[in-house]
Every structure is written in structure tokens, then in C-alpha cells.
Amino acid sequence: MSLLKINDLKCHYQTDTHTVKAVDSVSFEIKEGEILGIVGESGSGKTTAALSIMGLLPENTAIKGEIIYNEKVISSLSEAEMDRFRWKDIAIVFQNGIEVLNPVMKVGIQVMEPMNRHLDISQDETRGKCADLFRAVHLDPKWMDSYPHQLSGGMRQRVLLAMALSCDPKLLILDEVTSALDAFTRKEIRDLLVELQKKNGYTMLMISHDITFVSSVASRVAVMYSGRVVETGPVKDILVSPRHPYTRGLVHSTPDIFVYKDLWGIPGDIHTNSDFTGCPFFSRCNQKIKKCNESAPELVPVGDEREIACHRGGVAELLKANDLNYSYQLPDGHYLKAVNDVDLEIMEGEVLAIVGQTGSGKSTLAHILANVIKPENGKVTFMNESSNKANYGNKLNGIQIVFQDPFNSTSNRFTVLDAIKEPLDINKIWSKEERVEMAKNALELVHLPCTDAFLNKYCGELSGGQRQRVALARAMVMQPKLLIADEVTSALDVSTSANVMRLLKGLQNRRGFAMIYISHDLSMTLKIADRIAVMNHGRIVEMGNSHEVMLSPSDEYTKRLIDSKISV
Amino acid sequence: MRNDRNSFIFRLLLTLFVILVINFFLPRMMPGDPFSTTSDDDSGDEVIIMTEEQRQYYMNYYGLDKPVHEQFLVYLKNLLKADLGRSIYYKMPVSDVIMLHLPWTMFIVLASTVISTIAGVILGTFSAKNRKKGSDRIMMTGLIAFAEIPSFLLGLIMLLIFSVHLRLFPLAGAITPFAHYSGLGEQLWDILYHACLPVMTLSLAQLTGVYLLTRNTLITVTTKDYIRTARAKGLGEKTVWTRHALRNALLPVVTRAGFMIGIMMGGVVLVESVFSYPGIGMTLRSAVVGRDYPLIQGILLVIAVSILICNLLVDKIYSKLDPRVTI
Ligand SMILES: Nc1ncnc2c1ncn2[C@@H]1O[C@H](COP(=O)(O)OP(=O)(O)OP(=O)(O)O)[C@@H](O)[C@H]1O
Ligand code: SF4
Ligand SMILES: [Mg+2]
Numbered sequence: 001m002s003l004l005k006i007n008d009l010k011c012h013y014q015t016d017t018h019t020v021k022a023v024d025s026v027s028f029e030i031k032e033g034e035i036l037g038i039v040g041e042s043g044s045g046k047t048t049a050a051l052s053i054m055g056l057l058p059e060n061t062a063i064k065g066e067i068i069y070n071e072k073v074i075s076s077l078s079e080a081e082m083d084r085f086r087w088k089d090i091a092i093v094f095q096n097g098i099e100v101l102n103p104v105m106k107v108g109i110q111v112m113e114p115m116n117r118h119l120d121i122s123q124d125e126t127r128g129k130c131a132d133l134f135r136a137v138h139l140d141p142k143w144m145d146s147y148p149h150q151l152s153g154g155m156r157q158r159v160l161l162a163m164a165l166s167c168d169p170k171l172l173i174l175d176e177v178t179s180a181l182d183a184f185t186r187k188e189i190r191d192l193l194v195e196l197q198k199k200n201g202y203t204m205l206m207i208s209h210d211i212t213f214v215s216s217v218a219s220r221v222a223v224m225y226s227g228r229v230v231e232t233g234p235v236k237d238i239l240v241s242p243r244h245p246y247t248r249g250l251v252h253s254t255p256d257i258f259v260y261k262d263l264w265g266i267p268g269d270i271h272t273n274s275d276f277t278g279c280p281f282f283s284r285c286n287q288k289i290k291k292c293n294e295s296a297p298e299l300v301p302v303g304d305e306r307e308i309a310c311h312r313g314g315v316a317e318l319l320k321a322n323d324l325n326y327s328y329q330l331p332d333g334h335y336l337k338a339v340n341d342v343d344l345e346i347m348e349g350e351v352l353a354i355v356g357q358t359g360s361g362k363s364t365l366a367h368i369l370a371n372v373i374k375p376e377n378g379k380v381t382f383m384n385e386s387s388n389k390a391n392y393g394n395k396l397n398g399i400q401i402v403f404q405d406p407f408n409s410t411s412n413r414f415t416v417l418d419a420i421k422e423p424l425d426i427n428k429i430w431s432k433e434e435r436v437e438m439a440k441n442a443l444e445l446v447h448l449p450c451t452d453a454f455l456n457k458y459c460g461e462l463s464g465g466q467r468q469r470v471a472l473a474r475a476m477v478m479q480p481k482l483l484i485a486d487e488v489t490s491a492l493d494v495s496t497s498a499n500v501m502r503l504l505k506g507l508q509n510r511r512g513f514a515m516i517y518i519s520h521d522l523s524m525t526l527k528i529a530d531r532i533a534v535m536n537h538g539r540i541v542e543m544g545n546s547h548e549v550m551l552s553p554s555d556e557y558t559k560r561l562i563d564s565k566i567s568v
Numbered sequence: 569m570r571n572d573r574n575s576f577i578f579r580l581l582l583t584l585f586v587i588l589v590i591n592f593f594l595p596r597m598m599p600g601d602p603f604s605t606t607s608d609d610d611s612g613d614e615v616i617i618m619t620e621e622q623r624q625y626y627m628n629y630y631g632l633d634k635p636v637h638e639q640f641l642v643y644l645k646n647l648l649k650a651d652l653g654r655s656i657y658y659k660m661p662v663s664d665v666i667m668l669h670l671p672w673t674m675f676i677v678l679a680s681t682v683i684s685t686i687a688g689v690i691l692g693t694f695s696a697k698n699r700k701k702g703s704d705r706i707m708m709t710g711l712i713a714f715a716e717i718p719s720f721l722l723g724l725i726m727l728l729i730f731s732v733h734l735r736l737f738p739l740a741g742a743i744t745p746f747a748h749y750s751g752l753g754e755q756l757w758d759i760l761y762h763a764c765l766p767v768m769t770l771s772l773a774q775l776t777g778v779y780l781l782t783r784n785t786l787i788t789v790t791t792k793d794y795i796r797t798a799r800a801k802g803l804g805e806k807t808v809w810t811r812h813a814l815r816n817a818l819l820p821v822v823t824r825a826g827f828m829i830g831i832m833m834g835g836v837v838l839v840e841s842v843f844s845y846p847g848i849g850m851t852l853r854s855a856v857v858g859r860d861y862p863l864i865q866g867i868l869l870v871i872a873v874s875i876l877i878c879n880l881l882v883d884k885i886y887s888k889l890d891p892r893v894t895i
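If you're matching them up, the sequences are chains E and C in order.
Counting from 1, position 19 in the first sequence corresponds to residue 19 in the numbering used here; the numbering is continuous, with no gaps.
One gets the numbering used here by counting positions in the second sequence from 1 and adding 568 to each.
If you are wondering where the hints come from, they were derived from the structure by calculation, not from laboratory data.
Just so you know, even glycine gets a beta-carbon here, dropped at the ideal spot from N, CA and C.
Honestly, I wouldn't trust all of these hints.
[As the list claims (entries may be wrong)] Partial list, computed: chain C residues near chain E (C-beta under 7 Å): (1) D793; (2) Y794; (3) R796; (4) G802; (5) L803; (6) G804; (7) H812; (8) P891.
Only chain E is shown next, with the shape it has when bound in the complex:
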């Protein structure tokens, strides 16, 4: 049975100048004994949702929708009626701040206050119970006679917790209980919460922007973005396979989950235009379609107890390859299977790294995917179209490939400008002036000068790093949805290659295209990859989240690869 149910809740703050839709059409429920986590970045409306349950929103808030506690509609109660539910039934641990506790009252008194009010017990009993509570949250009862400013942040957090537990509430709301604490105290509080929950079976609503913390305690999470719930589901599933583009961004930018990866936040900011009726994630989404601008997607079930609010059903598939095979004929007449029964798919905006030793078939695979060579059998579909029919390498928003060797990919006899706009020239995209303009933009993107002097330089006069950037700019003018980067840094020295890699990842993050990054260098790929596919003798022997592949490789070959990395 659900202890708390929220139906289509809207909380709009009305200030003098504008309306903030802090919570917009939110529905969720919490079953008795369950811990539901709400995650989302700062300003997504988590605290507002919590306050609305307690009936504590300021007067300038327009509230619509229903909040049902224990089969009673509490959203329409008067202040006085609400007081009967507050603390006794629903208690809250507020987002820690120096003034959450009354500065001129001893903390013990503040903990005892609600007991005096709601419980029918004597003053001595109250004091005794208060001491017990202090002990329960691992705080010496001697602190009862202190003032809030005499306690540390962690101790105040414990006092707040003791206060919330004082009347044995059925539902406990925890708003950012640990965000202001250091890692050590955070773990202590986490353990404490788990312990208390086990012992007393509290139903909890746990709010935090720290998805790791929430998922270590909660069983289910709801991901909020700009006042809406965009994804819900069991914690494990969401962490392993986030389906909404926002959730994916959130999970991928969490250092505790992606241990090795460099941090790349979700580009852009929450839009603030309250009249916008489209998908709230629209401005930052890298797979938006026309419909996304027009209407906000509803939260719909997608099976396995998961719900997603996205017109495309979550992160969409971009490219899919089935049963790819390719062999080279060796001089002695034998065939070498360079690509052997490869299946793979790549999602919108994703970075897939393909690693393996030299000769494991990575480049051949790349060429097949880019439609440069045809596979013996099997097929590749890109944006639901077969690769044979639509030549997506020659179109805008298609697939572009950047090769290993910058000295081959750009001809010495071309000027920088010609080299970059060549694909546009060949495919007759845009007018002549526009092509030059695009070329200049692309140069800017790859951090090269776009002066006339540089534009008219011959590629032969450039350094390796510059040439690789020119090659990258050449790919970027086609605004690809998928960029295949084949060992782009292997010909460069360490420092230049690090720069090119950062540039590449930066571009990918900002522009939101998907990328297949091919490399034999495991440590480098770990810094940028979301997923890793390990290739050996033409086969993909292991594929998964980069951290999982790293931490618990299942294939022998992968293990050897990882060991060789560590032994360096």
C-alpha cells in the first residue's frame, strides 16, 4: 500500500516579475517501508516538492494537484489541521544550513519541543527520550545543553535527525542530509540512516543531488529535471543503464560511478523561460526532434518498473551493426578474418571506445561502419536506414571518420582552407561563401587560427598536431552525428595527443555527437569513454560500461590488457 501518493503536483512560485515552475506535473508514490530517492541538479525543484508535502511552501506559491497521505488528502488541509500531521506522521530533516536550528535555543530544547507538543508524556520522560535520541544518532547527550553555533556541521545534522525522529514519524523526508558534510561524516550518516531504517522500518523520501549517496540507500529513484520527473526506476537499473538523456548525463558526470573518466558535465544550463511548453531538457538534449519543442513528454512506463518522459523513449539508438564479417586475402592465399561476427550498437551522444592490440581488426571495423568498405555479410543501420542505401558519409549530420595518420588524411598539396571545405565542395553543400564561413568556424572549433595566412598555408607545412586538427575540422564541417576517430593520436607525441584528445572530447560533449574512439591505449580511452568494446582477433570479446570493464573484466584477453596497463 502506498503511504504517500502525489498526483500531478504543480508548485509555481509567483514573484513580482515572473513565475518559477519549481515543480510541474509531478506524480510519484512511496510504499510503506520503502526508500525513494529523488535526484536532480540544484534548482530542479526537489526541496520544493518536499516542502509541499509538509505544507510549508511560502504564500506566493500557486499549488495544484493532490497529496495523499495514508489515503487522506492532506494538500487541502488548513494550517491547524496540517499541524496534526506534521512531525507526528511526517517529519523532515532539512537541508543543512546554519540557521535551520533556532540560534538562541538550546538544541536539546529544540529536539524536545515537538515531543512536548505532540506526545502525551511528562517533562522527565521527554528529557530521557531526547537523550536516547541523541545516543541513537551517535551524539553524546551532554550536547543537549549547547546552542547550535557550538556544534559542528556534522553534529548539527545529527541533531536535526534526532529532532526528526523524536515523534516516531511514519514518513521521514531527508533533504540533502549529507551534501554539506565531508566524505567521512557523510559515510557515517549514511550508515546511521541504513541502521535506523533497518531497526525501525521508516518510510523515507531521500532528496539529494548526489546520485551515489541516494543509490546507496534508496531502492528506487526518481530523477527530476527542471521541475519534472524525467525518469524513475529501481536504483541499480538506473545506474547501470540510464535511459533518459539527462539521467545519462547525470550518471556519467558522477565521479564515484565513473572512477576513471574525466569529468565532463552536462553542457548548457537549465532553461529559465517559464512560457516554454516543450521538453524541459530541450535546450541541452543532443537527440531532440521537432516534437520536443512543441510539447513536454509525459512520464510513461517502459517495463521493468521503469518510467521515462521522453518523446524518443529515452536515449535513442544511432547505429546498429549485425553479424559483420570481413576477411583479407593474404599473399599465401589464406584468408585472415579481420572482422568476425561483430554485433554492436551505439546510442545518441555516446562515446564508445574500441580497444585492442594492433591487428585486432579495429580499423577494418571502423571502415565498415563508416561505409568506406563493404562487409562480406551482415548489415549496418544508421538512424534506422541501411548503410547501403543512404550514403551517410556524404551528408550533413551523417558519419565522419578521422584517420590514424594525419599525413595521409590531408593531402600536402591542399591549402588548409581547401582541405577543410573539400567534403562540402565534393558534395555541393551550401554556397561557396558559406563553405568558407563554415570552414572558418570549424577551425575555430579545433582551436586553430582562422587568419588568411593560415587558411592559405599548405597542409605540408603544418605540424603533426596541427594537421590532425585540420583533419578534425574537415570532419566537423559536415556536422556529423557520429564521429569515428581511428587512432587519431597515435602518431602524435604525448603532450600533443593529450591536447587533441581533450579537444575531441570537449567537442563531443558540447556538440553532443556520438563517437567511436578507436585506440590501443587503454588508459587514454578510459578518460573519455562511456562504454568500452574490447577486440581480439576480429571479435568483440567484451563490451560494457567502461568502469565495469575496468573493475571486473570477464574475458581473459581483457584482463591481460588491463594488467599490461597497470604494470606500466
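With chain E's structure known, arrange chain C with the ligands on it following the hints.
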């Protein structure tokens, strides 16, 4: 901590010294001297005219013919012996003159502070609770406009209305002259009866300040997180307002009240004159008119010291009320 204390005491002594210097030299910088006042703006008094000989005699008698710095040293030496000198006009020790008048001033200052603080807090709370409603707007506008009236003018108006026209209150004095009381109660009643108008005037003059301070502090306090916490605990509106909001909002109000006592001790002069109330304010006025240097010095000293004491008390009380402050 020790260092803090020492520097505190040092600052206090320095302040006192500066006050003494100003006290001493300010009256002597006024034109004229105690024995050559020829014109007197207090038209009721008779004009005293002395011969040059008499004047020399008196100047010598009070030590006023010595060089100024010597006079100052003598003044300091006597002060150390707790001797404030003799009043030239009253012909008795300055301390006696002050003791005669100070209680009256203290009485009306304290009474009006208490009254204006209580009334201001009540009105301010009411206003804050009804914030942005009509009653709040009207009250605020009214009180602010009211505060523009200078206190002596207010006193005059009150005097005209209640004493002259309605004859409800006496025109002057702190007690009925030559009265014989049948008991303590009657005497007390007489005192209250005389103090009523001056106290009311002073209270009204203070009211708006306290009211605005209470109202604004309360409005700020009610947006604080701990008020939300108190609400969340389901304590009920009354407890939230009194125990949590008002308790915090009173901190600056109490401070203000303390400072105001000090400031009023000085500002009371005009109001006392209007009601001819025999406090030190009125005494100071006549002392200035008569260039009664020792008396002026004495009264100014008492006023300055009481301001100092009030400030000290405020600090002490504040640290009691607000646990965050440690002295
Ligand atoms: N009293 C208020 N008046 C107007 N706007 C408000 C008010 N309180 C919050 N907001 C706005 O509502 C939005 C949601 O705020 P809320 O506090 O619910 O976010 P949150 O998810 O809890 O963020 P955080 O993680 O920083 O605590 C924000 O844009 C905020 O600026
Ligand atoms: S695809 Fe559309 S609906 Fe889905 S998250 Fe992106 S903008 Fe929103
Ligand atoms: Mg918050």
C-alpha cells in the same frame, strides 16, 4: 581574552578622559562668565549686575581667575575625590543639586522607554503579522508621519490640549507644591499624575522607532530557516511567533532600548523644559543660562557616564540573550 579585557578598560578610560576634557572646556568656550551675565533670555529672572570688585572677588573665590590648565588640574584632582565642586547659582555642592534632580529624569526616561518598547513591540508584531494588508499599511504610514513631529512640539501640543484646555493634567512640576499626603499611595499617585504627560510625550517620540524596528526585524526573521523548521514541527502559529520569531526579533529591540535610554538622558532637556519638569534637563538649561560652570560640568558628566553605563549594560544583556555573542 585577558588582552581583550585590558584594551576594553583602556578604551573606557580614554573615552572618559575625552568626555572630561570636553566637559571642562565646552562651557568655558561660551561667551560670558557666571558673574557678568547681563542679559538673561529667561525673561522671568532678574538681571544680576555686579560691580567689578564683587566680580573679582567671586572669580577668585571659585578659582576662575587662575589659568585654565590649572583650573583643569584642580577639577581633575577634585573629581578623584568625588568632589564635583559647588554650584555657583544654587550655592551648594553640585552633587547635591544633581541628586535632587536626577531621579526625576531617570524616572521619566525609564518609564517612557519601557512603555514605548512594549507598545512598539506589540504594534510591530501586529503589523508584521498583517504584512502587506491594509491595517499594516495604515499603521506604518501613520506612525512614520507621526515620528516627524519634534518631541518638544509634541509636548507643547499635549500640554495645550490636556492641561490648558481639558485641564486633565498639571501645567508644570513633578509634584503638587506644598502638598501634604495622607499616605504613600497618595504621594505616588501625585507623582504619576505629574509625570504622565512628559512620559507620554517621550514614549510617543520613541514609539515609531521601536515599532519599525520590531516590524522589520520580525519580517526578516520570519523568512529564516528556523521559522520554517518550527512550522514543520507542527508547533502551532502562536508558539512559532512567540517562542521562535519574537524571541529572535527582540534582540535588536532590546539593544535599541538600551541605547535609547542613554540618548534620551541628553535629549530630555527640551521635553523637561516644556513641562517645567524638575529633572536634570531643566537644571542643565538654567545652569547654561547662568554660566554655572561646575554645575554644567557635573550634569554633562552624569549624562555622559549614564550613556556609557547604558552601553555597557546593553552589551551585557545582549550576550545573555544571544548565546552566539561572547564577551
Ligand atoms: N521562495 C521562492 N520564491 C521564488 N522562487 C523560488 C523560491 N524557492 C525556490 N525557488 C526557485 O524554485 C526552483 C526550485 O528550487 P528548489 O529549492 O526546490 O530546488 P532544489 O532542487 O531543492 O535545489 P538544491 O539542490 O539547490 O537544493 C529554483 O529555480 C529556485 O530558484
Ligand atoms: S529527445 Fe526530446 S523529449 Fe527526449 S529528452 Fe530530448 S528533448 Fe526531451
Ligand atoms: Mg534543495
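Query - Enumerated hints in conflict with the structure, sorted upward - result: Violated hints: none; all satisfied.
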